[in-house]
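When we follow our numbering, the leftmost residue of the sequence shown carries the number 173, and every step to the right adds one.
By construction, these hints were calculated from the structure, which means they are not laboratory data. A few of these clues could be false.
What the hints assert, rightly or not - Computed beta-carbon distance windows for the label pairs:
no.	residue 1	residue 2	range
1	E251	D188	27 to 33 Å
2	C223	E251	30 to 36 Å
3	T228	A193	14 to 20 Å
4	E251	D217	16 to 22 Å
5	L184	G252	29 to 35 Å
6	G252	E232	37 to 43 Å
7	M250	P209	40 to 46 Å
8	Q238	P209	45 to 51 Å
The beta carbon of each residue, even a glycine, is placed where N, CA and C say it ideally should be.
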Amino acid sequence: MIDGKEIDLSGLRPIDLMLAALAYGIGIRYIDKTGEPYELECEVDGYNVTCKAKCTGEEEKCLVYQTLTKGLLKLLCMEG
């Protein structure tokens, strides 16, 4: 639930959820700073995801943003 509203996640793909986390992490800071609505436009092409959005400098405080622009998201598989 977000703000008392139930969100249906059953139709979303994993990439949709990752992009939602990015939009929320950056968007909440953008809205707090500007008071304006936030829009994130993304294109998925194979294993590449490119997003465009207005930025304010507050993005530096978002872990998902930092991971996607400066870090590395890594999954290590273990046996058994």
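Hints versus structure:
1. E251 to D188: 27 to 33 Å: At 30 Å between Cβs, range holds.
2. C223 to E251: 30 to 36 Å: holds (35 Å)
3. T228 to A193: 14 to 20 Å: holds (18 Å)
4. E251 to D217: 16 to 22 Å: violated (33 Å)
5. L184 to G252: 29 to 35 Å: holds (30 Å)
6. G252 to E232: 37 to 43 Å: At roughly 39 Å between Cβ atoms, E232 and G252 fall inside 37 to 43 Å, so the hint holds.
7. M250 to P209: 40 to 46 Å: Distance hint for M250, P209 holds at roughly 42 Å.
8. Q238 to P209: 45 to 51 Å: violated (23 Å)
This entry does not satisfy hints 4, 8, going by the numbered hints stated previously.
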